[in-house]
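Given the sequences, and given the hints that come with them, work out the whole structure.
Chain residues, written in single-letter form:
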Amino acid sequence: MKRRTLLKGAGVALLLPCMESLGQVADGDSPRRLLTIVNHLSFYQPELIPQTDGAFKKAPPLLDELSDHFDHLKIFSGMDNPAVQNGFGHTPCVGILSGYFNKLHRKNRLSIDQAVADLIGGDTRFKSLVFQAGENLNFSQIAWDKHGLPVKQIDSPRKIFNLLFQVDENEKTQQQVLAEDRSILDAVLAQAKSMEKRLNATDRVKMNEYLTSVREVEQTVKRRAYWADRSKPQVDYELEDFDRKSVDDYVGTLLDLAVLALQTDSTRAVTVQIPFWEGFKEPDLSGNYHDLSHHGQKPEKIQKLLMLEHAILKRINNSLSTMKQRTVGNSSLFDQTTTLLTASMGSANSHNFDDLPALVFDARMKTAGHWQKTDVPMSNLYLGLLQQFGAEQDSFGESTGAFEVLS
Amino acid sequence: MMRLAWTMLLIGFLLAGTVGAESKLEQFFVQHCVKCHGSEKQNGEVRLDKPVGTLFADQELLETIATVLEAGEMPPEEAPQPNAEAVAEIMQLLQKQLLAHRPVNPLKRLTRAEYTNTIRDLFGVDFDFTGLLPPDHVEHGFDKFGEAHLMSPHQVMAYLKTARFIAERVLPDVKPKTRTWEFDVRHFHGSKNFATGGGGDYRDGDDYVLTGFRPYRSNLHFSIDPESHDQFVIPAFGVYRLDVQAHSEKSDEGEVIGINLGDGRHPTSFRSIRRIPMPHGSQGFTTELTLQAGDQLAFTFDSARVPGRSLEKKPHKGPAMRFSHLKVTGPLTEQWPTAAMQAILPQPNMKPGELVDHITLLLTQRPLAVQDRRAFVEIARTQKKSGASMTATARSVLIALLTSPHFIYKSESPELTDVQRSYRLSYFLWNSAPDAELLSAARSGALGKDPSAQVERMLNDVKVGRFIDDFTRQWLQRDKVDDFGPDVRVFKNVRRMTVDSMGREGRELFRHMLEKGLSMEHFIDSDYVMANDRLARFYGLQAVEGDDFVPVKLPEESERGGLVAQAGFLKLTSTDFATSPIHRGSWILKNLYNERIEPPADVLINEPDIRGTTTVREAILKHQQLESCSRCHSKIDPLGFALEYYDPVGRKRDEYRYVEELPAVQEGTTFTKKLKFTNVPIDAAMKLPGGREVRDMITLKAALMADKQHIVKGIIGKLISYAHGREVTRADRPHVDAVFESIAEEDFSLRAAIHAIVSHPAFGRK
Chain A
1 MKRRTLLKGA GVALLLPCME SLGQVADGDS PRRLLTIVNH LSFYQPELIP
51 QTDGAFKKAP PLLDELSDHF DHLKIFSGMD NPAVQNGFGH TPCVGILSGY
101 FNKLHRKNRL SIDQAVADLI GGDTRFKSLV FQAGENLNFS QIAWDKHGLP
151 VKQIDSPRKI FNLLFQVDEN EKTQQQVLAE DRSILDAVLA QAKSMEKRLN
201 ATDRVKMNEY LTSVREVEQT VKRRAYWADR SKPQVDYELE DFDRKSVDDY
251 VGTLLDLAVL ALQTDSTRAV TVQIPFWEGF KEPDLSGNYH DLSHHGQKPE
301 KIQKLLMLEH AILKRINNSL STMKQRTVGN SSLFDQTTTL LTASMGSANS
351 HNFDDLPALV FDARMKTAGH WQKTDVPMSN LYLGLLQQFG AEQDSFGEST
401 GAFEVLS
Chain B
408 MMRLAWTMLL IGFLLAGTVG AESKLEQFFV QHCVKCHGSE KQNGEVRLDK
458 PVGTLFADQE LLETIATVLE AGEMPPEEAP QPNAEAVAEI MQLLQKQLLA
508 HRPVNPLKRL TRAEYTNTIR DLFGVDFDFT GLLPPDHVEH GFDKFGEAHL
558 MSPHQVMAYL KTARFIAERV LPDVKPKTRT WEFDVRHFHG SKNFATGGGG
608 DYRDGDDYVL TGFRPYRSNL HFSIDPESHD QFVIPAFGVY RLDVQAHSEK
658 SDEGEVIGIN LGDGRHPTSF RSIRRIPMPH GSQGFTTELT LQAGDQLAFT
708 FDSARVPGRS LEKKPHKGPA MRFSHLKVTG PLTEQWPTAA MQAILPQPNM
758 KPGELVDHIT LLLTQRPLAV QDRRAFVEIA RTQKKSGASM TATARSVLIA
808 LLTSPHFIYK SESPELTDVQ RSYRLSYFLW NSAPDAELLS AARSGALGKD
858 PSAQVERMLN DVKVGRFIDD FTRQWLQRDK VDDFGPDVRV FKNVRRMTVD
908 SMGREGRELF RHMLEKGLSM EHFIDSDYVM ANDRLARFYG LQAVEGDDFV
958 PVKLPEESER GGLVAQAGFL KLTSTDFATS PIHRGSWILK NLYNERIEPP
1008 ADVLINEPDI RGTTTVREAI LKHQQLESCS RCHSKIDPLG FALEYYDPVG
1058 RKRDEYRYVE ELPAVQEGTT FTKKLKFTNV PIDAAMKLPG GREVRDMITL
1108 KAALMADKQH IVKGIIGKLI SYAHGREVTR ADRPHVDAVF ESIAEEDFSL
1158 RAAIHAIVSH PAFGRK
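Protein sequence lines correspond, in order, to chains A and B.
Each step along the first sequence adds one to the number in the numbering used here, with nothing skipped, and position 301 is 301.
Each step along the second sequence adds one to the number in the numbering used here, with nothing skipped, and position 393 is 800.
If you are wondering where the hints come from, they were derived from the structure by calculation, not from laboratory data.
All of these numbers come straight from a predicted model, not from anything done at the bench.
Mixed in with the good hints, there may be bad ones.
To be verified - In silico SDA-like pairs for lysine to any residue, Cα to Cα no more than 25 angstroms straight-line:
id, chain 1, residue 1, chain 2, residue 2
1, B, K997, A, N102
2, A, K197, B, G1171
3, A, K146, B, P541
4, A, K301, B, D890
5, A, K107, B, A565
6, A, K159, B, D637
7, B, K791, A, L178
8, A, K301, B, Y1063
9, A, K301, B, V1066
10, B, K792, A, A179
11, A, K301, A, I49
12, A, K222, B, K792
13, A, K222, B, V784
14, B, K568, A, D186
15, A, K301, B, A985
16, B, K1083, A, N288
17, A, K127, B, P541
18, B, K791, A, R182
19, B, K887, A, I154
Rendered as structure tokens:
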């Protein structure tokens, strides 16, 4: 067992921030959390999705990696994203969580993780955190805010760790800086408004994006000013040297940090994108992950691809187990967290954006098992999830109805 | 009353004209198109059985229709063909319609490169904002398109942070103290294992010997003191001088030292910042670098061994680099107060309003609108009232202005004003804001009358290098040259340095052609190549000395010359083991012909099943049989296949060498993978849509040369697209054609093309 398979965090020293002025968390009423995991290159579905509907009798090999959590797992397969256009390589992957992609308008629509964060993210240091690796703007952005603008995705485990746990040495000057930020934002907002009036219609749309962005930043600055006076939680977790090569190192680190972020209540919505552009390598496997995903049905390539997919699912399974062991307040982290695991494509071999799988883990799940769907938008699942988080709306994206996620 | 009647009459005429045109188009579509693009079938998701008014509203569709009609691609061969006159008439109607609508050119903001250059020129500080500003979206090959410039809270936050970063560094409260640090062999470490050194690097007497290079890792690091493994960290932003004592061994040629930033233990931050050529026999070098607090220096050298198998079995025999001493001095301050400080705060005491106006003019050369100015003055006033120093007040104003749309956006009127035109010109040829001379030429009206003097001056300025670098990087995708492989087990002796030189060749060709006013034909073929020492050796040409590129005359029998024969292009379109004819062919269509090719939206690439095929050709031809693919692939594939005699690193080959990886064998703690090679003959001959056969580099270049007019126009289109910050469409034909006509008399000189692009009236339109 490798060094980080088990979190050292059995002894997480929690300095949970007080939330007296930012809404109340009633005693005994544990907060709900969402962990969203997206595997960009999808999974080899014949080895993931059971042949039959209903309870898992004989789980296919990939799915079997998650067997520790079968009691709390619902799998939906065969869903599609009707508003995601095919035919642009990996680019439409940006629409996996919003169900929307239009190459001509780079703006997207609200993604499910951010929709949930809008509902549950008010009381924590971060409304949401989105982790991914590397920058590839053409297809790596998956988190979109309510204006359809991209949400910052943090690309280095070191940066994530510092953001969550590192004590800022310049705390005293921070309030000053934030106050200055506010007056600067006022000034640029006023200038943008006045400039907007002098522009033609197309340019005004552009300036409006700026205006909206500045207003959002104002909110962030306010939140920062509140949290700047409150200390960050301390954790007993060493972010070790890693060469971002093996799945265990890389996906493992991101998932560890996701669990820590939730456990310390730094945020209640974490999204992790498992990338491929860093090119995972396992010790006894050569070949580039992306290249393997274009397996062309060659058995030897599929075999290699499956090695990586097994490693990824194994690591997710471990993190779910860790969440069961961690207690936050009166219940385990797993009890408080809904985990959504999905993939940006149905198959990375053909770049199709339908036939999508989604796995939902939730401690409250009444009936576990598999449901094969046809002609059902992914947004129906998203709407079902959103309602579980207390949303009162009856549509999301391209939804035509809502799944009973927990029934 | 009279006037109204006239107007009515006029409208009547216009309507009649349009109606006539509409019915003609409708007739034509019904006759020739709607069978496959109508209610029954919607091939390519295109329907033409709609009212012409609706079709006219869709510029992109019109563009596509015009393109396929003109090229004779539609109606398809097997369908009855319209006569040439009918097509010409329809083309005229379409073109008229396309010209009537100038493509929208939405508001653009500064790209990261433009922002960086602008700030560097303003303050004379060599800033690098790679980690601060997000990279820009690339649309149709360029990052300059307003259409793709999405703004987001993240982006605004980055602007704010970057502005603060700049302000704190150009307006410091106190003079930074200059210090000196010295390092010798006791402080040096390799990066693989911080304690013992790694990758075959070792200590030897007073030297630390470097032999290898590891991707994502920098190689030689310096610890703060001999006992500690903590790396030396740059304490504050500023210019630092590095005095390095080092020399190469086991090599009889010059070397290039790469200076990188990165923490040896967390190497993901690895970033190359400077390359320093060291002539053969050199004992060291001195250089000055602009560094940031927290930066950690590391050195590599270019002919280092690419990571390979265990060194215990095979000791390294190749070139090595010996480092004996390093002295770091900084941050250096030439004068105090600095030039930037004097520029921003020329007087010790300025009124808030004065300060805002002064900094505004310094940054953008144009004043803020009166109503916009108020909030910025308020910032200065508040700061002053709270007792802040003049420097602190100026910092706040500077941060605010650098974050404001006034600075960030490049606003353009439908007809550009003289000043706006100078901005477009400057961001085209310098990738930065205009200087005082250009602005005064704009204001005096001289630029509007005849830009040639300014263009000539700008092309002779050293800043033109930014355009050459940025344009060719994006146009030729030079930065992708090192994205894949090569796999060192297959392509032995292709060193990192050679690959790096390949990536520079396209840029150097452009530079040479621009400087010498050479014909754009040279992009297709030429009797020389631009090469440095390594590239000349790689191509098997007469020896060149040093890392700089010079023109090298090609021997009679050489197939090199022209962009398609450059190793860089041949490599960046390949993967680590294999060439990709489709990638190569579509690169030629997109970047030389400026054609727009994208997979059709309605084609779901069904799981390609390539089990039954053995060669790339078979695999590709198999899917070319599909009607929906063949329209583009009949153009793409022949271009790509003709280049199959060049391998994934751009070397000539006679047959394919298929590489198969055999299952891993465990030997001790290392896994060794054996490779199996199978040789297969190459079959490169294929017919272009016009019927002309291409079968190798020579015939391909001849075919491209025969198509010179299209290619030169395609490249002119790329330049216009880069300058205007939007895609070039058929509506730009008059502009492209005029440039082409005017340079035809000057042997299609690249330099003349740039003059012609700028002096055309279309350059002054949004």
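Hint check results:
no.	hint	in the structure
1	K997(B) x N102(A)	holds, 22 angstroms
2	K197(A) x G1171(B)	holds, 23 angstroms
3	K146(A) x P541(B)	holds, 21 angstroms
4	K301(A) x D890(B)	holds, 21 angstroms
5	K107(A) x A565(B)	holds, 19 angstroms
6	K159(A) x D637(B)	holds, 19 angstroms
7	K791(B) x L178(A)	holds, 18 angstroms
8	K301(A) x Y1063(B)	holds, 21 angstroms
9	K301(A) x V1066(B)	holds, 14 angstroms
10	K792(B) x A179(A)	holds, 15 angstroms
11	K301(A) x I49(A)	holds, 20 angstroms
12	K222(A) x K792(B)	holds, 23 angstroms
13	K222(A) x V784(B)	holds, 23 angstroms
14	K568(B) x D186(A)	holds, 16 angstroms
15	K301(A) x A985(B)	holds, 16 angstroms
16	K1083(B) x N288(A)	holds, 18 angstroms
17	K127(A) x P541(B)	holds, 21 angstroms
18	K791(B) x R182(A)	holds, 17 angstroms
19	K887(B) x I154(A)	holds, 24 angstroms
Of the numbered hints stated above, none is contradicted by the structure.
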